[in-house]
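Q: Sequence:
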Amino acid sequence: MVLLHLGLGAALLHGLAGEPLRRAQEALTTFNVPPPALPEPEPPPERQAPAEAREEGVTDLAARPAPVVQPVPEVRLPTPPTLRTADEEAPVTGTAPSAGAGRVAGPGGGSGAGGDGSGGGGSGGAGSGGIGSEARLLSGNLSRGDYRRIRGFGAPRGSAVLAIEVSASGQLTRCLPFSSSGNPALDAELCRLLGRTRWEPARDRGGNPVPVALRYVATWNRD
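Positions 502 to 724 (my numbering) are the ones given, in order, by the sequence shown.
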């Protein structure tokens, strides 16, 4: 009986559920679904043409005017005065309005001292202030003993040029080294020795004696 009931139950289930099951299987038939189409890309925006063509070489910077440069005035510096060295003395001038002075020592005439040395006394150059005749050495020129004294300063040979001034009375009133012997003490001794000289004074064109500035040249050499 139990088996009979089971068989009937199975028959009923098969009979009742067979058709719906077949329909359900038919309804579940699969199919391919295509993917959705991608949206078309939007076209790029159209570029607007420039209002007017830009000229070649034109920049976006505003034109700036060139700075105005004022011309620099030329500054002229004053010419510095010419400096005279110790060996370059200013031209010697006479103390009287009509007295001139020569810049070049004259040849003069010196007294020889044999083998002990030789000396030369200058009588000045040509004047430029209306001098009729130049001063002339009369006496007191350097002697043999004077040159021996000169060599005592350690100068067996040498020379010196002295700027002297002869007064209207023919006396030496001024003596300074113009071209030094190299020894200031020797220069001073030469001026001391020349202090004893006597001169024929210079005279103007009218024959009047006038003071004059000269240059005396002293040279010595031990033979």
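To be clear, the hints were calculated from the coordinates, so they are not data collected in a lab.
Heads up, a few of these hints could be off.
Quick list of simulated restraints, FRET-style, between CB atoms [what the hints assert, rightly or not]:
no., residue 1, residue 2, range
1, Arg693, Leu639, 35 to 41 Å
2, Ser670, Arg723, 33 to 39 Å
3, Glu701, Leu677, 32 to 38 Å
4, Ser634, Arg675, 18 to 24 Å
A virtual CB, placed ideally from N, CA and C, is assigned to each residue, including glycine.
Q: Would you mind marking each hint as holding or not holding in the structure?
A: Against the structure, the hints:
The hinted window of 35 to 41 Å between Arg693 and Leu639 is violated, with their beta carbons roughly 19 Å apart. For the pair Ser670 and Arg723, the beta carbons lie near 36 Å from each other, so the given range of 33 to 39 Å is met. About 22 Å separates the C-beta atoms of Glu701 and Leu677, a value inconsistent with the hinted range of 32 to 38 Å. At roughly 20 Å, the beta carbons of Ser634 and Arg675 sit within the given window of 18 to 24 Å.
Hint check: violations occur at hints 1, 3; the rest are consistent with the structure.
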